[in-house]
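A.B. asks: Residues in the sequence shown are numbered consecutively from 0, following numbering that gives the first Met the number 0.
By construction, these hints were calculated from the structure, which means they are not laboratory data. This one's a predicted model, so the numbers in the text were calculated from it and none came from an experiment. Please note: incorrect hints may appear among the correct ones.
Distance windows between CB atoms, simulated [what the hints assert, rightly or not]:
| hint | residue 1 | residue 2 | range |
| --- | --- | --- | --- |
| 1 | 42 | 132 | 22 to 30 Å |
| 2 | 42 | 130 | 23 to 31 Å |
| 3 | 95 | 24 | 18 to 26 Å |
| 4 | 24 | 155 | 39 to 47 Å |
| 5 | 31 | 150 | 39 to 47 Å |
| 6 | 20 | 195 | 37 to 45 Å |
| 7 | 20 | 135 | 24 to 32 Å |
| 8 | 7 | 64 | 29 to 37 Å |
| 9 | 70 | 370 | 22 to 30 Å |
| 10 | 66 | 135 | 36 to 44 Å |
All C-beta atoms, glycine included, are put in the ideal place defined by N, C-alpha and C.
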Amino acid sequence: MPTLGPLPGVALLGAGAYLPGAAIDNADVLRRLPAFANADDERLCFAAEGIRTSLGLQTRHWTHEPGTPLVHGNELTTVDLAIEAARRALAEAGVDAASLPLVIATTSTPHRMTSTLSAAVAAGLGANEAAAMDVRTGCAAGLFALQTAATYLQHARGPVLVVGAETFSKVLPSHHKMALLSLGDGAGALVLGRRRDAVLRSLFVRSDGHLGGLITTDGALPPTADEITRGGYVLSGAPEELASVLPGKYAEAIGAVRARSRAFRARTLVEAAPKLGSMKLGSMKLGSTKLRANRRALRDAWKGARVLVDPVDLYVPHTTSRPLVEGVANAFAIPLERVWMDSIARHANLGSAGWLASLAAARAAGRAPAGTELLVAAVGGGMSL
């Protein structure tokens, strides 16, 4: 798909996030694993601290105990999380839900096999006049929703609600250490509208369905008893292949943004970034031994693209892990003091809600006031970026 931008007048009016229940720290996660069943406090604390210092992961939030039977009706759903985050974003923006003409929702963990998350969210908010639509492009879905909202705002005033929510705890493989540590439940929301002095400089999105199996739940729908027994509805993937295709994807995205940047002779907001973390059923891991090669490829692509990104005031990445985010920032010559990484420690990977919730947190901390030049990024299942 061609790169879009600049899209004048697109403004962020408000943002909100919601994390369910109490925070679950690294030691709490490790206690759930057979390898740590008899571990004393000293061993647990040592392992938990090692995870924090090496990956930046510290806590996450769950609506469900992974690996236990689902109790529908007694647990929070993706809809519940989305509604709460949306309410907070609307409150910050000073927007009445009843005035929304469009609600866009993103998720990889919907509450129903059919129907839409967005319609349920709109109903729960009282947005009774809004059109409602879902976007399902994995962790990159927030970018696709942003593109849809920004395009709409070229023809209408808005405001538009974009909300992402995930309940990964309901599809986590309970015996995989890195899956439990790296994925959490939560929601993030943005309210977008029109302002004369605002602009979305550039946006690039693309999907490659041939790579859809790299991060997925591979069980067919509707569910069957055999597939449930096999584990077809828990997260799985192919990490080595994922690592091998990432550099080319980022080179493609950066090259596309370069063309748009040169055409408009303007600083460019690049909507492409790495998610080098990967998952595999039976051997789940976070990160890749090919990180150095990926960094070199990214640097070469960035040098060739000659995209003007300075001054980027704040880079809000997808919440994978600290070394991955730092590696990308270094490859793109983005100073680490301009990278928002607090959310990695606070809630880990929230899928399609990740950068939405992170941006809300950055705004709440005073790091993204009006006029901030933002860079946001995600790559996820589909494969989409």
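A.B. asks: Work down the list of hints and note, for each, if the structure agrees.
C.D. replies: Okay, the hints, checked on the actual structure:
1. 42 / 132: 22 to 30 Å: Since residue 42 and residue 132 have Cβ atoms about 49 Å apart, the given range 22 to 30 Å is violated.
2. 42 / 130: 23 to 31 Å: 54 Å, violated
3. 95 / 24: 18 to 26 Å: 38 Å, violated
4. 24 / 155: 39 to 47 Å: 45 Å, holds
5. 31 / 150: 39 to 47 Å: 44 Å, holds
6. 20 / 195: 37 to 45 Å: 42 Å, holds
7. 20 / 135: 24 to 32 Å: Check passed, 25 Å falls within 24 to 32 Å.
8. 7 / 64: 29 to 37 Å: 48 Å, violated
9. 70 / 370: 22 to 30 Å: 46 Å, violated
10. 66 / 135: 36 to 44 Å: Between residue 66 and residue 135, where Cβ atoms are some 25 Å apart, the hint is violated.
When each numbered hint is compared with the structure, violations occur for hints 1, 2, 3, 8, 9 and 10.
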